[in-house]
Amino acid sequence: MSALKPKHQRLVLVVIALVALVGAGLLAAWALRNQASYFYVPEQMVAEPPQPDRAVRLGGMVEEGSIRTLPDGVTVAFVVGDGKARVPVRFAGILPDLFVEGSGVVAEGRLASDGTFVADNLLAKHDENYVPRELQEMTEHQKREVVAETEDEIEGGA
Amino acid sequence: MHGFANPKRFLSLARWLTPLLLLSGLVLAGAALVWGLFVVPPDRLMGETVRILFLHVPTAWLGMGGWTAIAIASGVYLVWRHPLADLAARAAAVPGMIFTAVCLATGSIWGRPTWGTWWVWDGRLTSMLVLLFLYFGYIALAQAVAREGGSSRIPAIFGLVGAINIPIINRSVVWWNSLHQPPSITAGKSAIDAEFLVPLLIAVLGFSLIFGGVVLARMRALLGDIQAEARLRRKASEAA
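In order, the protein sequence lines correspond to chains R and Z. Just so we're aligned: 98 in numbering that gives the first Met the number 0 is position 99 of the first sequence, and the numbers increase by one with no gaps anywhere. Just so we're aligned: 211 in numbering that gives the first Met the number 0 is position 212 of the second sequence, and the numbers increase by one with no gaps anywhere.
Honestly, the hints are just simulated from the structure, not real lab data. Don't take every hint at face value.
As the list claims (entries may be wrong) - No farther apart than 30 angstroms at their CA atoms in a straight line, the calculated lysine-lysine pairs in the DSSO-like style are these:
#1 4/R / 7/Z
#2 188/Z / 83/R
#3 188/Z / 7/Z
#4 7/Z / 6/R
What the hints assert, rightly or not - DEER-style ranges, computed between Cβ atoms:
#5 83/R / 173/Z: 14 to 20 angstroms
#6 204/Z / 112/R: 54 to 60 angstroms
#7 149/Z / 48/R: 52 to 58 angstroms
#8 16/R / 232/Z: 30 to 36 angstroms
#9 229/Z / 22/R: 40 to 46 angstroms
#10 25/R / 237/Z: 55 to 61 angstroms
#11 142/Z / 5/R: 24 to 30 angstroms
#12 23/Z / 83/R: 46 to 52 angstroms
#13 101/R / 120/Z: 26 to 32 angstroms
#14 118/Z / 65/R: 25 to 31 angstroms
#15 152/Z / 66/R: 58 to 64 angstroms
#16 83/R / 26/Z: 46 to 52 angstroms
In this text the structure is predicted, and so the values were computed from the model without any measurement. Glycine included, C-beta positions come from ideal geometry on N, C-alpha and C.
Required output: the full structure, derived from the provided sequences and hints.
Put into structure tokens, the structure is as follows:
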């Protein structure tokens, strides 16, 4: 070490400190990987059901064609799935604007003993896609063309 | 690299670069905001709420970019004892903090109609709030050192250690289930339609130029402070 100039010694020290820091951060993030999740996906909820009456969140996609209003007029029942498991959900209250079939939702509530998730609150989850309204009304063929053009532009620009 | 260690050379460069960056940034960011707020069509699900994207994304990028700049400048200062690097880190802190605060505020305003809540403690939102608190801490520490005297190495080490939060913010939506959506723009691919993407990228560029201009202007001001103080001290010792 004595052969190193002070400048290089400091550089080595900073690099070692950075490596240790990043390692510690990654370890902490790895240890938090389950605890820091905001919600359970249906697969986890079916595999390891939480204790009844423990407040948890369930997040997934609202299955197409599953939303129906119960005879009392305020309770809505639907199914949340993630492609691997499905959990039926019941919710009485005001639905968020973005709550539609085929889109993401996070339900806060409890898993009842009959396997139905009783939600006290619903949060709509927006996905990463941003599409203008006009595009949605296009036919599938037009949409594919527009998307292909967009991808070309991006690739051309990148 | 050591050519810029000379404050005189830095000042002669910053003198014309500062107004250039600020002006071009204001023009680009202003144009992108007008485009985003009035021209772009409404989103298929979010409707008009999508327009907040053009402020939220640039501020998020610069909130994180600000701390990245602090970390790099701090590392340069620690290793090469480059006095301008210390000033650059201090100059980047306040604009970075403001951008982070605007990002949190616009995200919250967007979240209310979109998610149905102002705030949730998910990974992305929480780590971004931690970044804001890191800025508070860094600014207080750097100011205390500048005012009371003390080693500039202390805020520099804080700047380096705090950088661990940046990859955590970036990966938070991938590692953990979060209410915040995963990244829309990843290497070479975008889930954002071109009609939104083009003004968005212009806004990001414009705000980045403004950020650069503000950092240079603040570095000049800090240098001016140091020179004025040195001159006063010299005069005081001559008079004594």
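Discussion item. Hint check: residue 4/R vs residue 7/Z, CA-CA at most 30 angstroms. Holds or violated?
Written reply: holds, 27 angstroms
Practice prompt. Take the C-alpha atoms of residue 188/Z and residue 7/Z, compute the straight-line distance between them, and say whether it is at most 30 angstroms.
Written response: With Cα atoms ~44 angstroms apart, residue 188/Z and residue 7/Z exceed 30 angstroms; violated.
Discussion item. Given the hint of 26 to 32 angstroms, is the C-beta distance from residue 101/R to residue 120/Z inside that range or not?
Written reply: holds, 27 angstroms
Discussion item. Quick check: does the Cβ-Cβ distance between residue 149/Z and residue 48/R fall within 52 to 58 angstroms?
Written reply: Cβ of residue 149/Z to Cβ of residue 48/R: about 56 angstroms, so the range 52 to 58 angstroms holds.
Item to complete: Could you see if the CB distance from residue 229/Z to residue 22/R stays within 40 to 46 angstroms?
Response: Holds, since residue 229/Z and residue 22/R (Cβ atoms, about 42 angstroms apart) stay within the stated range.
Discussion item. For a C-alpha distance cap of 30 angstroms, please report whether residue 7/Z and residue 6/R respect it.
Written reply: holds, 24 angstroms
Fill in: Assessment of proposed distance window 58 to 64 angstroms (beta carbons of residue 152/Z, residue 66/R)
holds, 60 angstroms
Discussion item. Given the hint of 54 to 60 angstroms, is the C-beta distance from residue 204/Z to residue 112/R inside that range or not?
Written reply: holds, 56 angstroms
Discussion item. The hint says 25 to 31 angstroms between residue 118/Z and residue 65/R; measuring C-beta to C-beta, is that right?
Written reply: holds, 29 angstroms
Item to complete: May I ask you to test the hint 46 to 52 angstroms on the CB atoms belonging to residue 23/Z and residue 83/R?
Response: holds, 50 angstroms
Worksheet entry | Distance restraint hint 55 to 61 angstroms, applied to the beta-carbon atoms of residue 25/R and residue 237/Z | holds, 57 angstroms
Practice prompt. State, for the Cβ atoms of residue 83/R and residue 173/Z, whether the hinted interval 14 to 20 angstroms holds or is violated.
Written response: Given range 14 to 20 angstroms: holds, Cβ gap about 19 angstroms.
Violation of the numbered hints given earlier is confined to hint 3; every other hint is satisfied by the structure.
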